[in-house]
Amino acid sequence: MCSCQGDVRDYDAVFKACEGVDCVFHAAACGMSGLEQIQKKDQIESINVGGTKIIIDVCKQRNIPRLIYTSTVNVVFGGNPIEEGDEETVPYFPLEKQFNHYSRTKAIADQMVLAANGTLLKGGEKLHTCVLRPPGIYGPEEPRHLPRVAVNIQRRLFNFKFGNHKVQMNWVHIGNLVQAHLLAAEALTSEKRYVASGQAYYIHDGENVVFSEWIVPLFEKLGYRKPWIHIPVLLVHIAATVMEYLHLILKPVFSFTPFLTRNEVWNVTVTHTFRIDKARNQLGYKPKKFSFADSVDHYLKTRPTCQKDHTFLKMVVAFSILLSLIILSFF
Numbered sequence: 002m003c004s005c006q007g008d009v010r011d012y013d014a015v016f017k018a019c020e021g022v023d024c025v026f027h028a029a030a031c032g033m034s035g036l037e038q039i040q041k042k043d044q045i046e047s048i049n050v051g052g053t054k055i056i057i058d059v060c061k062q063r064n065i066p067r068l069i070y071t072s073t074v075n076v077v078f079g080g081n082p083i084e085e086g087d088e089e090t091v092p093y094f095p096l097e098k099q100f101n102h103y104s105r106t107k108a109i110a111d112q113m114v115l116a117a118n119g120t121l122l123k124g125g126e127k128l129h130t131c132v133l134r135p136p137g138i139y140g141p142e143e144p145r146h147l148p149r150v151a152v153n154i155q156r157r158l159f160n161f162k163f164g165n166h167k168v169q170m171n172w173v174h175i176g177n178l179v180q181a182h183l184l185a186a187e188a189l190t191s192e193k194r195y196v197a198s199g200q201a202y203y204i205h206d207g208e209n210v211v212f213s214e215w216i217v218p219l220f221e222k223l224g225y226r227k228p229w230i231h232i233p234v235l236l237v238h239i240a241a242t243v244m245e246y247l248h249l250i251l252k253p254v255f256s257f258t259p260f261l262t263r264n265e266v267w268n269v270t271v272t273h274t275f276r277i278d279k280a281r282n283q284l285g286y287k288p289k290k291f292s293f294a295d296s297v298d299h300y301l302k303t304r305p306t307c308q309k310d311h312t313f314l315k316m317v318v319a320f321s322i323l324l325s326l327i328i329l330s331f332f
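Residue numbers (our numbering): 2 to 332.
No false leads were slipped in.
Beta-carbon label-pair distances, calculated as ranges:
1. Lys252 / Lys123: 39 to 47 Å
2. Glu85 / Asp13: 38 to 46 Å
3. Lys123 / Tyr225: 53 to 61 Å
4. Leu301 / Thr90: 40 to 48 Å
5. Cys3 / Pro141: 21 to 29 Å
6. Leu183 / Gln155: 32 to 40 Å
7. Gly176 / Lys252: 33 to 41 Å
8. Leu183 / Leu249: 36 to 44 Å
Hint data in this document are derived by calculation from the structure and do not stem from the laboratory. Being a predicted model, the structure only gives us computed values, none of them experimental. Ideal placement from N, C-alpha and C gives every residue a C-beta, glycine not left out.
When you get a sec, could you build the whole thing from the sequences and use the hints?
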């Protein structure tokens, strides 16, 4: 296997990387969570939308017949309750109502990839595309969700719970997500009658979970008891809003990562679950059973042993919470 590093916004770099390729898995993205989510909008758009356009153009110029796009359930979820949603009945969440630029640009890219299906390649053949829409991802070496939550637990920033304990969501282990991508690539071939051509698929572990229960192994293995203090969702949402604005204000002097963004608050306080019947039937997708506790064990064995002091960050967060309480007192 040959690997190369480049920028998805650099046409020449992408063109060179795709030499001799007959299938592209487009997973590059920006703005998914934390600090990335509140970066400059033009940077997120240039990667998620501009980069996707370049990928499509390169596929056409390089005569690459298959393109699989790693999308997200956020293209249809925007804080709206969804129970057992499927690909045919749940529409895109209105772009103008999306409250974060990541979801908006991913939705645009999702539609771009599907619209490119059936278009002609330089050599005259057709481009076959599909999109996979996973929820939150976990597993060995996952760099976003688990490490960030773990650090915030150690900072005692998650010593509380919020939201309805009946709220459900989906997660997907990286092993199952890889399986889905490989199956999708096969399903875009003539041998499989191009069954996935122009299609979208929800991909997850095949079960609905309550986040506050699903995350318990992380608290236990870090040596902390699970949260028992309940805080109203409104207060947490206000705190997240204040922290986002504080980040923008303090960014020229000091940049910190909010322990929660508004989008992340909605993700764990509003039910959004999806069916994977279409992936099972058309792709032959069979999610394996994975344990989140195993991912926690792997993280604890491989995490950096040297931790930086975050005293100033704690002060900023404390100020954010205090300010949100002051704001709440005016309601």
